[in-house]
Amino acid sequence: MKIPFSSLPATPDSAFPFRSELKRPIVALLLERGEVRVIVYAVVDSGADVCVFPASVANDLGVSPSNQRASAFSGTGDAAQTAWFEEIQVTILPMEAPNIEPNQEPLTFPLYAGFCETMEHIGMGLLGQDGLFSRFAVSFHHAHNYFEIL
Amino acid sequence: MQPIDLTAVLKDAPRGEWLALSFARDRIVAHAPNLTDAKQAAYKLGELNPIMMKVPPPHALVL
Chain W
1 MKIPFSSLPA
11 TPDSAFPFRS
21 ELKRPIVALL
31 LERGEVRVIV
41 YAVVDSGADV
51 CVFPASVAND
61 LGVSPSNQRA
71 SAFSGTGDAA
81 QTAWFEEIQV
91 TILPMEAPNI
101 EPNQEPLTFP
111 LYAGFCETME
121 HIGMGLLGQD
131 GLFSRFAVSF
141 HHAHNYFEIL
Chain Y
1001 MQPIDLTAVL
1011 KDAPRGEWLA
1021 LSFARDRIVA
1031 HAPNLTDAKQ
1041 AAYKLGELNP
1051 IMMKVPPPHA
1061 LVL
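Chains as they are written, first to last, in the working numbering: chain W, 1 to 150; chain Y, 1001 to 1063.
In isolation and in its complexed conformation, chain W is listed as follows (with noise of 0.2 Å):
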């Protein structure tokens, strides 16, 4: 599937005064469980050691942080933080856009997904090495504005 990368805007600062933009890979995800369903944003970050989510998700689709499946991870910062896991169902969606192949199909797996309340802020999740990366060829073509997810 060739997706291309989104524009979202940003705030100029002294390091990059003249930044209006930001390109991103992100990709629209159906998010599934049971009968629940939600599409949601996820960058795709080969940096993230696994797949999460904010945790406004994981109330959407009804799974509970007292499930006991917790873990800790960090970011750039010392703090440890925690996520809660569970099984969800995850389609990949098409996006269709000019000199995007039309129809190409969803690509659908179970995903053993990561929910915080740290991602909050951020508002879309990300789609990291176990779970993307471990099932996917991704390539990333920068300068020519797509990636790849085969």
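Be careful, since some hints might not be right.
[As the list claims (entries may be wrong)] Not the full set, but computed from the structure, chain W residues with beta-carbon under 8 Å of chain Y:
| no. | residue |
| --- | --- |
| 1 | Ala28 |
| 2 | Asn59 |
| 3 | Ala97 |
| 4 | Gly123 |
[To be verified] Reference excerpt, derived from the structure (chain W facing chain Y, CB under 8 Å, subset only):
| no. | residue |
| --- | --- |
| 5 | Pro4 |
| 6 | Phe5 |
| 7 | Ser7 |
| 8 | Ile39 |
| 9 | Tyr41 |
| 10 | Asp60 |
| 11 | His144 |
For the record, the hints were derived by calculation from the structure and aren't laboratory data. Cβ coordinates follow ideal geometry from the N, Cα and C atoms, glycine included.
Once you have looked at the hints, place chain Y on chain W.
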């Protein structure tokens, strides 16, 4: 190939709230502090496949 441009649709979106984006990504159908409330509001307005997201925070870089 051009990137999918979400800057225009997110330009005036309320920061910190969950947004229900139309599946065509051309408008914000609903928004609310709570994801489920925003999603249900989008359903009621006829958007059956809303994409749920938040506006990136001002400190936009994610490492």
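- [ ] List in ascending order the numbers of the hints, as given earlier, that are violated by the structure.
- [x] Per hint list: zero violations.
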